[in-house]
Each structure stands twice: as structure tokens, then as C-alpha cells.
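Q: Each chain, letter by letter, is given below.
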Amino acid sequence: MTGPALGRRLFLAGTAGCLALMAAGGGVPAALRSWLEGPLGELTPSDGFHFYSVTASIPRWDRSTWRLVVDGLVARPQSLGLDELAGRALTSVTADFHCVSGWSVPSVRWEGVPVADLLDASGVADGAGAVRFESADGAYVDYLDLATARREGVIIALRLRGAELGGERGAPARLVVPFDYGYKGVKWVRRLTLVPRSGTGYWEARGYDEDARIRD
Amino acid sequence: MLVLVLSGVVLYVPALSQSVGQRFWVRSAHLAAAAVLALVPAVFAAVRWPEVRALEGQLSRWEPADRDWFLRPWRVLVGDAEAQLQSGRFNAGQKLFAALVAVGLAALLLTGIPMSWWSRFDAAVVTRSRDLHVTAAYAVVALLAGHVYLALLSPDGMHLLSRRGRSTERR
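Chains as they are written, first to last, in the numbering used here: chain Y, 109 to 324; chain C, 254 to 424.
No wet-lab data here; the hints were simulated from the structure.
Just to be clear, a hint being listed does not mean it is correct.
Each pair of labels, with its calculated beta carbon distance range [to be verified]:
1. Y:Glu-272 <-> C:His-400: 42 to 52 Å
2. C:Ala-298 <-> Y:Arg-259: 51 to 61 Å
3. Y:Gly-135 <-> C:Leu-259: 35 to 45 Å
Quick caveat: nothing in here was measured; it's all calculated off a predicted structure.
Where a beta carbon is used, it is the ideal one built from N, C-alpha and C, also for glycine.
Excised from the complex, chain Y in its bound form:
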């Protein structure tokens, strides 16, 4: 027990180095990770998305019976089949996809029906203040206030990069909110309900912020 405490110094230096890289490491941490992963390439599928689901399986759906329902505080509740929805004027939205857990997919191109168009077609009633988006997975739900839901770029997406949505990305339809973190983008969406005010979404009930706005 006479030598210098090199182990302790190594520990303190390593920990300080980690903190420095976290705070101001620029692209070094990403380079370290991709260097270690090498040919595995972040172990992601080629489309760059990780897969997040809060239930055990991807909801099944049938093209002939699937409906998107718009109900709640509306004058004309809607029940739209997939062909009916896809036959409307589709809007294209290109945005970086950001997940709160630190990964992103650059320049993702979605195509779908603006939520504002669906709201106009349904005739939003007085007293409605928010839209509740419900997933067919039976667990996931999230809310947008009416003004946000009507913003440009907020769409019920049917297509991703020129092809129909895959099951793992929310087929046949998902919410896309290009200026919010990914957890607002309810996958496998089957129902939009106009409600008086925003409620608590799935992750918001588990500690996430109500405000999902991307902070750069």
C-alpha cells in the first residue's frame, strides 16, 4: 500500500472525461459508438428508425374493414375507410424525426391527410378544445390542443418515403407532428375524438412533459 493511487486517478479522470464529452463532446460520442459498432451500423433497420411499442405486438388490421373514426364534439362524426382516406388530397411533409431518447432520422418524408382537413369535414363544435388520438394497440393515446392539431404539417400519415406505412411504423395510419418529439406521433391511430381540453397521454402519465416541442 505504498505506491501511488493510480487506480483512483484513472477513475476520476475517466469520469471527468465522460462528463466533458456529455457536456461538450461534439460528434465524438457518436463517432465512438459507430466505431465500436462498425459494420453492425447501430443495429438499426435500413430506414433508420428504432422500434418503440408499449404493448406486446403490432395491431393487426384488415384493409376491407379498417376505419378511421372522427367523433366527440363534432357536428358530423366521420368513419373513413382506407381507400376513402387515401383518395383525399394528400399533403407531403418532410422533417427530421427526433426521439427523446437521443436518436434522430434526418429528412423523413411523410404523406397523409392534414388533421385540419379532417376537423373541417367533421365540423368542430363549440366547446371543443383538443383532439384525443387513440391507437389501435389498446394502450397508447395522446392529445393535441386544437390550435396545434390544426397547424400546417400535422397529418394522419399513410405513406413514408413514397411507400405505404409498414406495420412497425404505424400502418395503416399514424399521427405525424413534425415539430414535436416522436412520442406525440401516435402509431396505428384509429380514432380522433374532439374533447373539451387536453388530457394526459400515455408517456405523459409516466413522467414525460406535456410539451413535446423539439428543443434544438
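Please build the complex by placing chain C on the supplied structure of chain Y, with the hints as guidance.
A: The following block gives chain C in isolation, referenced to the frame of chain Y:
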């Protein structure tokens, strides 16, 4: 530790995320296991401080003999028992291993904080934390795999492998 590795892999690898799903519960298991791994040594240190202090000293202090060990570290990789003879309680490789694993675990804990409480941190900090978290996880798993490999090559490990029970000659 095993819970952390398994749940971490399920959270990170898309094919496994897809077959397991249940992200909230997998994430909760990962956080709970991390809390246990952080709290158990902390409680142990608080309760038995003198012993922990002594152990830290034995692992942390490097003696002249340790330098000789590092001059020919490859001998240990092929199971040369002579190379594993210890200058103190721990040989230099074990001391280096302890320091590196401690750095790795500290890095995992520190980087896990912005990942878990992402809304309190800049998005860029969360991203860098995630990259470092994955890097540190690879490093710690590789170190532990090396540790097990070398433990099996050691005289005690050899005896375990050959089912002749633990070596008693060196005790």
C-alpha cells in the same frame, strides 16, 4: 447486471424491441436494476466503510512489481499461471480492470441521467449521453467477458473447469 444487459439490449436493438414490445415495463426494469446496482455498493460502503476503504486502497495503489506485470501482460492471456502470481492481493491486470469497470459503470450511471430525465437537458446532451451510454455498455460487457475468461484460466478456474473442486494449495 444481467437484467441491465438484457433489458438494455431489448431497448436498443429494433428486432428485439419489436418481438418484446412493452417498452414502459422494459424501461422500468432497466431503471430499477440500475438503481439497485448503484444503491447496493453505496449502502455497503456506508455500513462497512473501513473494509471498503481498505479494498479501494488495495485496488487503487500501484507498486513497482505491477510495472513488471505490464511488461509481459500477454502471458496471462494464454493462461500462464506464473504471470498471475500476485504482488499483493490483486495483480496489476486486476487493478486496471477494477479502475476501467468503475469508469464504465460511472459513465453508464451519469449518461443514464439525461437519457431518463431528457426534458431537463439539451437535446444535444441527451444524444451525446446516449452515444456514450452505448459505448460504455459495450466496454463494460467486453471487460466482464474478459474477466470471466481470465478467471477460468486462473488456477482456481482451471480446477473448477476440470471438476476437481477449488484449489487449496494456494490458500
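Q: Hint by hint, note whether the structure agrees.
A: Against the structure, the hints:
1. Y:Glu-272 <-> C:His-400: 42 to 52 Å: This hint holds: roughly 49 Å between Cβ atoms.
2. C:Ala-298 <-> Y:Arg-259: 51 to 61 Å: Given range 51 to 61 Å: holds, Cβ gap about 53 Å.
3. Y:Gly-135 <-> C:Leu-259: 35 to 45 Å: violated, 30 Å
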